[in-house]
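**Student:** Listed in order, the protein sequences are those of chains A and B. Take the first sequence: its letters are residues 1 to 405, numbered as in my numbering. Take the second sequence: its letters are residues 406 to 810, numbered as in my numbering.
Treat the hints with care, as some may be off.
Partial pick of chain A residues on the chain B-facing surface, computed with a CB cut under 8 Å [what the hints assert, rightly or not]:
1. L14
2. G17
3. P53
4. H75
5. Y77
6. E126
7. P145
8. D261
9. M289
10. G290
11. C293
12. L298
13. M321
Under the rule of at most 20 Å between Cα atoms (straight-line distance), these lysine to aspartate or glutamate pairs were calculated in the EDC-like manner [claimed, not checked]:
14. B:K478 <-> A:D311
15. A:K144 <-> B:E532
16. A:K73 <-> B:D433
17. A:K73 <-> B:E462
18. A:K210 <-> B:D409
19. A:K73 <-> B:E780
20. B:K750 <-> B:E780
Please keep in mind that the hints were generated in silico from the structure rather than gathered at the bench. Beta carbons: idealized from backbone N, C-alpha and C, even for Gly.
2 protein chains.
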Amino acid sequence: MKRDLPLTLNQEALHNGQQRSVIRELFDYGQIKAKEIGAENIFDFSIGNPSIPPPPEVQAAFLTLLQDRDPTKLHGYTSSAGDISVRQTIADSLNRRYGTHYAGENIFMTCGAAAALTSAFRALVEEGANNEFIVQAPYFPEYKPYIEGQQGNFLVVPACPPDFGLDLDEIEKSISPDTRAIVINSPNNPSGKLYSEEELQNLAYLLRLKSQEYRRPIFIVSDEPYRELVYDGKEAPHIPAIYEYTIMTYSYSKSLSIPGDRIGYALVPPNFEGHDLVFAAIAGAARGMGYVCAPSLLQHMIGLTVDVKTDTKTYDKNRQMLYKGLREIGYEVLRPEGAFYLFMKVPGGDAPAFSNFLRDEYNVLAVPSDSFGCEGYMRVSYCVATKTIENGLERFEKAFKNWPG
Amino acid sequence: MKRDLPLTLNQEALHNGQQRSVIRELFDYGQIKAKEIGAENIFDFSIGNPSIPPPPEVQAAFLTLLQDRDPTKLHGYTSSAGDISVRQTIADSLNRRYGTHYAGENIFMTCGAAAALTSAFRALVEEGANNEFIVQAPYFPEYKPYIEGQQGNFLVVPACPPDFGLDLDEIEKSISPDTRAIVINSPNNPSGKLYSEEELQNLAYLLRLKSQEYRRPIFIVSDEPYRELVYDGKEAPHIPAIYEYTIMTYSYSKSLSIPGDRIGYALVPPNFEGHDLVFAAIAGAARGMGYVCAPSLLQHMIGLTVDVKTDTKTYDKNRQMLYKGLREIGYEVLRPEGAFYLFMKVPGGDAPAFSNFLRDEYNVLAVPSDSFGCEGYMRVSYCVATKTIENGLERFEKAFKNWPG
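For reference, chain A alone in the conformation it holds in the complex:
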């Protein structure tokens, strides 16, 4: 038989499967180049992977579970929302910390924050309507396929340099009766910005006004994978305590250094009428995507490590060294308040060109801000070996002096 029949596949999926991100390309470049000239001669600031191993409690929890628990239950299906005792453990932990009154029933466990996000987006997409989700630049680039994959429209509000705070005027202009939610990511990837309680209160005020005007709630989808990575004694404000129509998505990827294991949750706080319907819609959305339950072994591990945090001291040390070093060289740098990224202004303003220059002349890899929806900056990750920063700063200095752009 002839096997040359024309194929017509889903174009969005094909595009998302074929498109290579700049971040991934830089990473692959680094891997190949490291084989040529030695890993010690590559200064890779492009990645967003925890550089610190999981806290010892994670290993201990896995061993305890594997040795002590009934394996049929440990590896068995949980309910689609997750094991209720683990969910209650998470709710209790949040309640201790924020003085809230969440129940296990408000927690929907997921395969990482990404699954929580796509399920939340789908839950909010009204069939047959135009459904807009507002994201302010700079933003985590996967929000675009996550929102569009759920038939939502990805609407970008421009970045607000030099501080990269919330631009309430622009957000207000972008809100319409089609607005379903605004995605907030604080501490922010890539800027390292932590939104203050005050600016979040102002956002809440605006969203309440607009929700009343359009007689339909505009949600905050608060994506908080970096919540535990905040420095200088600060703490990320608890957004559901500020704005009632919040869906919080969380991942243990960064706080426990287990990004590949895929475990997190969506919290639908019982702060508004119909929260149980939103929860049900998230559950149904996850079901339709084939999320049967979050990995059970991982769920149970979280049940034993709920209050464990990664060693932020190393990240903090890296942060201060990189921030100080780059400023002393002469770079304009946003002071990073959280996550493990530093946002740096590119001399001359052409970020892709400067990124290529750093790569080709100095074997320094960092991501131009174009990938995050704004121009003229670079994301320099400090989830790297401290030595990489020590040695890399010399390269940044030479690049600063020799850059013709």
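We have chain A already, so just place chain B on it with the hints.
**Tutor:** Using the frame of chain A, we list chain B on its own:
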């Protein structure tokens, strides 16, 4: 502020999140009743969970990984398609068994078969077109939300009693230019039917004719979670060797008794032009749903246990006892060839009524076939303790004698 704004959520997601399946209701009923009258007095044949713990090699693999591997890599992100060495290990295993020539690059690792299915369905859905997926009853009920969740149309071909083989006449009638794929699940949940090589060859012949007629490939999506649970010395035919346009989805849930852990894969065999595009579209579909990568700890575990199989002897013993026992009572029973389900004709034909009678009079739980898209049968699971069958058969006998229906 008023918190009584009207909510308009995604209706499909809301429906899928609120709808309670008959299987789940029976299961919950059993749990509650067990507390009242003792678990030993409930005869629960409703569930589809492995009753056998994971083989010891699974536990050993987890411990080896946790003790010997670099934890930053073990729990770190893999590429979105999975760790290439694990994928190659799976390909090698398939090649040894089926004489095929798959590469690791043909394997896309997923959070269980469900994620592989939804990604495959999405990949095949053409934007703006009518996209039909054919499923013959009796079928696993989650196919409906999985297909509809990807904007596909779920098209049912009626069941074909008494043998429940493929009904090629009806399948042919249901094929149109809108047909994207037919979903095959052999061994079948709920019927226990294993399609023969010959009937699969006949299906392939039909699909080739129709694909040529419409100048567009009609795929087989072969869902094979029960592939390793086949009895009487038989083996499930390898469908990609029979039909070129096959996407195979697999889960280790049943073969390793780890259903909650969510690990499986999609195989896109390099048997047709454009297989790499189908692979890319599956990857992009998974990306848009938030499947960042399959859980890395689980991937690496599979790398160490790829040829390990569950103890099918216990299932086989249960199967034979239940089959023989029900037949001796007088029930008409389809001889189960695979999976861990037995399909039984209901005396009088009213399956929901007989299910209720069994439940209310005898504390016996089994699922009426209406849940699987056909009438007049019950699914009796034998992934239960052998004692449950021994004692449950007396109840089935009393029900048979006392059933007024």
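**Student:** Now look at each hint and say whether the structure bears it out.
**Tutor:** Checked hints:
1. For L14 (chain A), the interface hint holds, the least distance from its beta-carbon to any beta-carbon of chain B being 5 Å, beneath 8 Å.
2. For G17 (chain A), the interface hint holds, since its Cβ comes within 8 Å of a Cβ in chain B; the closest pair sits about 3 Å apart.
3. Contact between P53 (chain A) and chain B, as hinted, is supported at the beta carbon level, the nearest pair being about 5 Å apart and thus within 8 Å.
4. Contact between H75 (chain A) and chain B, as hinted, is supported at the beta carbon level, the nearest pair being about 4 Å apart and thus within 8 Å.
5. At a threshold of 8 Å, the smallest CB-CB gap from Y77 (chain A) to chain B is about 5 Å, leaving the interface hint in force.
6. Annotation: interface hint on E126 (chain A) holds; nearest CB of chain B at approximately 5 Å, less than 8 Å.
7. At its closest, the beta carbon of P145 (chain A) sits 5 Å from a beta carbon of chain B; the interface hint therefore holds under the 8 Å criterion.
8. A least Cβ separation of about 5 Å between D261 (chain A) and chain B falls short of the 8 Å threshold, and the interface hint therefore holds.
9. Because the closest C-beta pair between M289 (chain A) and chain B is about 5 Å apart, less than 8 Å, the hint holds.
10. Proximity of G290 (chain A) to chain B holds as hinted, the smallest CB-CB distance being about 4 Å (cut-off 8 Å).
11. Satisfaction of the interface hint for C293 (chain A) is found here, the shortest Cβ-Cβ separation to chain B being roughly 6 Å, below the 8 Å cut-off.
12. The restraint placing L298 (chain A) at the interface with chain B holds, with a minimum CB-CB distance near 7 Å, inside the 8 Å limit.
13. At a threshold of 8 Å, the smallest CB-CB gap from M321 (chain A) to chain B is about 21 Å, leaving the interface hint violated.
14. Taking the CA atoms of K478 (chain B) and D311 (chain A), the gap is about 17 Å. The hint holds against a cut of 20 Å.
15. With a C-alpha separation of about 18 Å, the suggested pair K144 (chain A) and E532 (chain B) falls inside the 20 Å cut-off, and the hint holds.
16. Straight-line distance between C-alpha atoms of K73 (chain A) and D433 (chain B) comes to about 16 Å, which keeps the hinted pair within the 20 Å bound.
17. This hinted pair checks out: K73 (chain A) and E462 (chain B) have alpha carbons roughly 17 Å apart, not beyond 20 Å.
18. This hinted pair checks out: K210 (chain A) and D409 (chain B) have alpha carbons roughly 14 Å apart, not beyond 20 Å.
19. Distance hint between K73 (chain A) and E780 (chain B) is unfulfilled; the C-alpha atoms sit about 33 Å from each other, more than 20 Å.
20. Our distance criterion of 20 Å between C-alpha atoms is met by K750 (chain B) and E780 (chain B), whose separation comes to about 9 Å.
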